[in-house]
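Chains as they are written, first to last, in the numbering used here: chain F, 1 to 99; chain U, 100 to 573; chain C, 574 to 1078.
Please note: incorrect hints may appear among the correct ones.
Computed footprint of chain F on chain U; a stretch qualifies when at least three of its residues, placed anywhere within it, have a C-beta under 8 Å from a C-beta of chain F [stated by the list, open to error]: (1) 135–147; (2) 481–487.
Beta-carbon label-pair distances, calculated as ranges [claimed, not checked]: (3) 417/U / 730/C: 14 to 22 Å; (4) 761/C / 17/F: 43 to 51 Å; (5) 147/U / 642/C: 17 to 25 Å; (6) 143/U / 775/C: 41 to 49 Å; (7) 787/C / 370/U: 26 to 34 Å; (8) 83/F / 418/U: 35 to 43 Å; (9) 729/C / 17/F: 57 to 65 Å; (10) 623/C / 453/U: 51 to 59 Å; (11) 642/C / 3/F: 37 to 45 Å; (12) 9/F / 289/U: 24 to 32 Å; (13) 66/F / 116/U: 21 to 29 Å; (14) 611/C / 246/U: 53 to 61 Å.
Examples of chain F residues lying across from chain U (beta carbon under 7 Å, computed) [to be verified]: (15) 22; (16) 24; (17) 26; (18) 40; (19) 74; (20) 77; (21) 89; (22) 95.
Since the hints were derived computationally from the structure, they do not count as laboratory data. Beta carbons are placed, not taken as given, at the ideal position from N, Cα and C, and that holds for glycine.
Here is how the chains run, residue by residue.
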Amino acid sequence: MSSGLLFACVGALLFAMGMAGVMLIAHLLRRILAFNVMGSGAFLILVGLTQRNDVPDPVPQAMVLTGIVVAVAATALALALVRRLHALTGQLELPADDT
Amino acid sequence: MIWLIVLPLVWASLAFILGPGRGKWLAIGGLALQTVLAFDLATKIGAGGTAVGHLVGGWGAPLGIDLAADGLSAAMLLLTQCIALPLAVYASAYYKRDDAAGSYFWPLAGFLIAGLNALFLSADLFNIYVTLELLGLAAVGLVAAGGGAQQVAAALRYLFATLVGSALYLLGVALIYGAYGTVSISVLTPLVTSEAPRLVWIAGGLMLIGLMLKTALWPFHFWLPPAHGGAPAPVSALLSALVVKASFYLILRLWIGPFAPLIAAAEWLAWLPAALGTLAIFWGSWQAIRAERLKMLIAYSTVAQLGYLFLIFPLLAGAGAIQAGVMQVFAHGLAKAAIFAAAGVLIKATGQDTIAGLAGAVNRVPLTLFTFGLAGMTLMGLPPSSGFLAKWQIIEAALAQGHWPLAVIVLAGGLLAAVYVFRVLRQAFLLAPRNEEATAVSPLLEWPAFVLAAASILLGLRGVELMQLVGIVA
Amino acid sequence: MTANEWLPLAVLASSLLPGLVIFALPEGWIALRTALNLFGAIAKLALVAVLLAGVSAGEEYGVRFAVLPGLDLAFKADALGLLFVSLSAVLWLFTTLYAIGYLEGAPHRSRFFGFFSLCVTATIGIAMAANLFTFFIFYELLTLSTFPLVVHRGTDKAMRGGTIYLAYTLIGGTALLTGIVWLHHLLGHTEFAHAGIAAALGPEYAGQLQIIFLLLIAGVGVKAAIVPLHGWLPQAMVAPAPVSALLHAVAVVKAGAFGIVRIVYEVYGIEFAQSLEVLLPLAVFAAVTIVWGSFRALFQDDLKKRLAFSTVSQVSYIVLGVALFGPLGTIGGLVHLVHQGIMKITLFFCAGNYAETLGIHKVSEMNGAGRRMPLTTLAFSIGALGMMGAPLTAGAISKAWLSDGAAAAGMDWAIWVLWTSSLLNAAYFLPILWRAWFRSAPAAWPEERIAARGRRETAWLLLLPPLVTAAMTLAAAMLAESPGSPLEWAKLIAEREYRQGVTLP
């Protein structure tokens, strides 16, 4: 197993763990962390899969960089919303579905 | 073409610099210009009969960003600007100067529209990911702008749904790049045709699931009603009319583009979205029939109407299915924008968001009720309206290919829609319980909604040009 | 655009445009609203007169627009369509006059007249549709624009009536749409043509065509109130009197009956329909409706409900005439389309007058009404006698032709149906006349709103329309053989619909 494939496999594992976290964890901060784990998993796969010939490919690097920027922005927005929710309700969990 | 992306970014940034609540004239001016540009692009493509492309900054793939527009994207761009412009006028009257809920409406709406336009113009899968995120984050910001605990909770729920959706999509893109070393849609299509390893199947599945989550297809619809039902009316209108359509557009684009060879290999796959769409129609309509709050009813109606879009997938093998889908996108986009805008007026006029509170509304805001009725016609698929044409096309394509159950579903869905639309109209025609003080409503709120509803009806009388435009698919 | 193209559009616009303007008018602008209404109605009549003259001279009027590739919005003003157009246009004028008088001082008149004009536009669209697609558009438009009129009063009872009306018509519309798309799928178009278009399909499609026929007829049968699809009509009588008069005696139910005529003659073709063996079941349903409607009318004490069940029965005379294979039945059915409209609208006008002037809503309250309101009751009597088919009224003409048609088609049982219905008609109308003319008036009327002043028993705008339509009922019978009468026009249509030369007596 090449190192690239190993990265990809670990990435897949991280993605799956992160996704389970986002769906199952009620605590919002931990959920945001889980989302970041998920994102990192995707980036690992992107970089790992494309390095099978041990020649670095600049395109996925650029993509991952963009992806990180997006993830940071999303995390910031999520944190801001969680803070607002905390300020309004004193809770760090989503209220029960009221539909 | 590039200006369709740059313009909204410019006016959004300027509006942000100007400060909270400002920038509405910039936005309306910018949108007017964009509408002209979108029309221009559509006529160019319609006349030329081929897709057009643009290399941003002259760089070109793989490191640069390619833009491309065919008939399908031009139609979506046109719809976006045509809905956003009246809604901008509406929003300018909706938010009072010191309304906290409207502080950041203009910048966020600008980024949202920039995201939409960029998405429709993008020619590669990764760039689409970026636009999806831009769109999603701006939309979440708009939902949260209401500021109440309920809205923030709805925004968070929406945020997680949209993030998981785009993460799934990104993972799919990563796998595709790993398999083929490219993310350009036009380059990918022949590659997938010649060889499709299992990795691509997984990638396709992940991307489609991610996008369905963002389109709120049943059973991924859970986030939509609180987000669309809880946001301020102009935001609900933008989200329901346009944002969910963007991810549908992507599914369609991928389905008839790079993933077409996969689907040709396993035709039963097409019945999966159709089955989910059917459940969406019945579930969404049922919830709308039971809803007690007006905006919840409309939000659930969106869940149901999105279901129709997915009925076209088994029909894509034959002629006319894409046209039927686009007609439904237009019909629902225009009508839903109108109906949410009308709901905003009704809520302002009656001071409450319950259906029971609408009694006698027809005498207080007749134009808005008329708007509601016209948009309702489109939702029910009654003629003359674009919704009727969409239904006609779906039924006809279904009969032509021998899939008559789809026709039955469409017809049954129309009757269910009639039940929830007339629930509202019926209530509005009731005698008012007592002579309440009618809150005066600005004509700038009533008329844009009416224009949208009238457009959804008039399109039902003249759909030839649009259908020809959509026929030009790259 | 040539005159032959824009004339049909102008006929549509003459009610559509005033309607749209009226919506926007403030409630208080009574003079302008009335002027617009009358201008539209008179302009429509003038345009229809031009069309009638043109068509009898052999001109062809038509126009089409592409809606989707391969799908046209198409209008034509042919002899059959004009029969219905003229009926609607003439009665629209009188109903407008009546409504202006009836609604004097009532709230929400802009809304009322706006939707009223839309309804008329939809009716005209139905009459002039040149294919099933266009027909369907206006058919559903009629449903939608009638709803606000049915629920106009905003009471719970009105809502219930409106909801039932919608439930029936929307489900019927769905059946109709199914049939139309199916047919469009098989044929590639749904243009109306003399002698039909369905015969172009091979014999292997016979089964499908029978199902489509059932769907189409069920769809339009709801509006034509064929038993068992008639339940909405008595419920919809909660609407104000002008609405009941024009819409439920003329526009809506006639739209259904007219749809059946178009489907049988110009989609299937009468001869092809006969070979598909779908006419006999249609005739049986019509016969059942005729008898059942009359029978139910016997037991209604509410005057408008009695008239509504009478409508149920009478509209199926048209259907029966259509289903009788042979030109005589056709002529009887078509002429009854006009005659029934004139007679029934007279009755509804009168019922509205009793309610508005004296507060009489029930048959049991009619005692002595003839002495208090002799002119109204005279008009009512003429309409009622016409319904029974009494000599010298329009009803006699239709019934004679229908009976001859049944005899010519070898369906003697249909003659018995007609006679039974006539007897039942007499049984539910004669007691009313007897009460009105010969019983003495009660000490006080239920609710006297308009006091008598000399010879004028009620507001003249309420009195004039029923008198005119009652006179028309008599004129249609006495001048039946003169050119331009409904009967002569129906003969013209029948000659054009039957492929072989028709010899008329």
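Here is what the structure says about each hint:
Counting residues of the region 135–147 of chain U whose CB lies closer than 8 Å to any CB of chain F gives 0, which falls below the minimum of 3, so the coverage claim is violated. Look at the region 481–487 of chain U against chain F: 0 of its residues bring a Cβ nearer than 8 Å to a Cβ of that chain, fewer than three, so the hint is violated. The supplied range of 14 to 22 Å is broken by residue 417/U and residue 730/C, whose beta-carbon atoms lie about 49 Å from each other. The hinted window of 43 to 51 Å between residue 761/C and residue 17/F is violated, with their beta carbons roughly 57 Å apart.
Look at residue 147/U against residue 642/C: about 19 Å separates their beta carbons, and that is inside 17 to 25 Å. The supplied range of 41 to 49 Å is met by residue 143/U and residue 775/C, whose beta-carbon atoms lie about 46 Å from each other. Range check, residue 787/C to residue 370/U: Cβ separation about 30 Å, and the 26 to 34 Å hint holds. The given range of 35 to 43 Å is broken by residue 83/F and residue 418/U, whose C-beta atoms sit roughly 53 Å from each other.
Range check, residue 729/C to residue 17/F: Cβ separation about 59 Å, and the 57 to 65 Å hint holds. Residue 623/C and residue 453/U have their C-beta atoms about 53 Å apart, which keeps the hinted 51 to 59 Å range intact. At about 57 Å, the beta-carbon gap between residue 642/C and residue 3/F misses the expected band of 37 to 45 Å. Look at residue 9/F against residue 289/U: about 30 Å separates their beta carbons, and that is inside 24 to 32 Å.
Distance hint check: the CB atoms of residue 66/F and residue 116/U are about 25 Å apart, consistent with the given range 21 to 29 Å. Under the hint 53 to 61 Å, the C-beta atoms of residue 611/C and residue 246/U, about 55 Å apart, fit the expected range. Residue-level restraint check for residue 22/F holds (minimum Cβ-Cβ distance to chain U is 6 Å; threshold 7 Å). Taking 7 Å as the C-beta contact cut-off toward chain U, the hint placing residue 24/F at the interface is violated, the least distance being around 12 Å.
Interface restraint check for residue 26/F: the shortest CB-CB distance to chain U comes to about 12 Å, outside 7 Å, so the restraint is violated. Residue-level restraint check for residue 40/F is violated (minimum Cβ-Cβ distance to chain U is 10 Å; threshold 7 Å). Taken as an interface hint, residue 74/F checks out: its beta carbon lies about 6 Å from the nearest beta carbon of chain U, inside 7 Å. Checking residue 77/F against chain U: minimum C-beta separation of about 6 Å stays under 7 Å; hint holds.
Look at residue 89/F: its Cβ gets to within about 5 Å of chain U, closer than 7 Å, so that hint holds up. For residue 95/F, the suggested interface contact is upheld, since its CB lies about 5 Å from the closest CB of chain U, less than 7 Å.
The structure does not agree with the numbered hints 1, 2, 3, 4, 8, 11, 16, 17, 18 stated previously, though it agrees with the rest.
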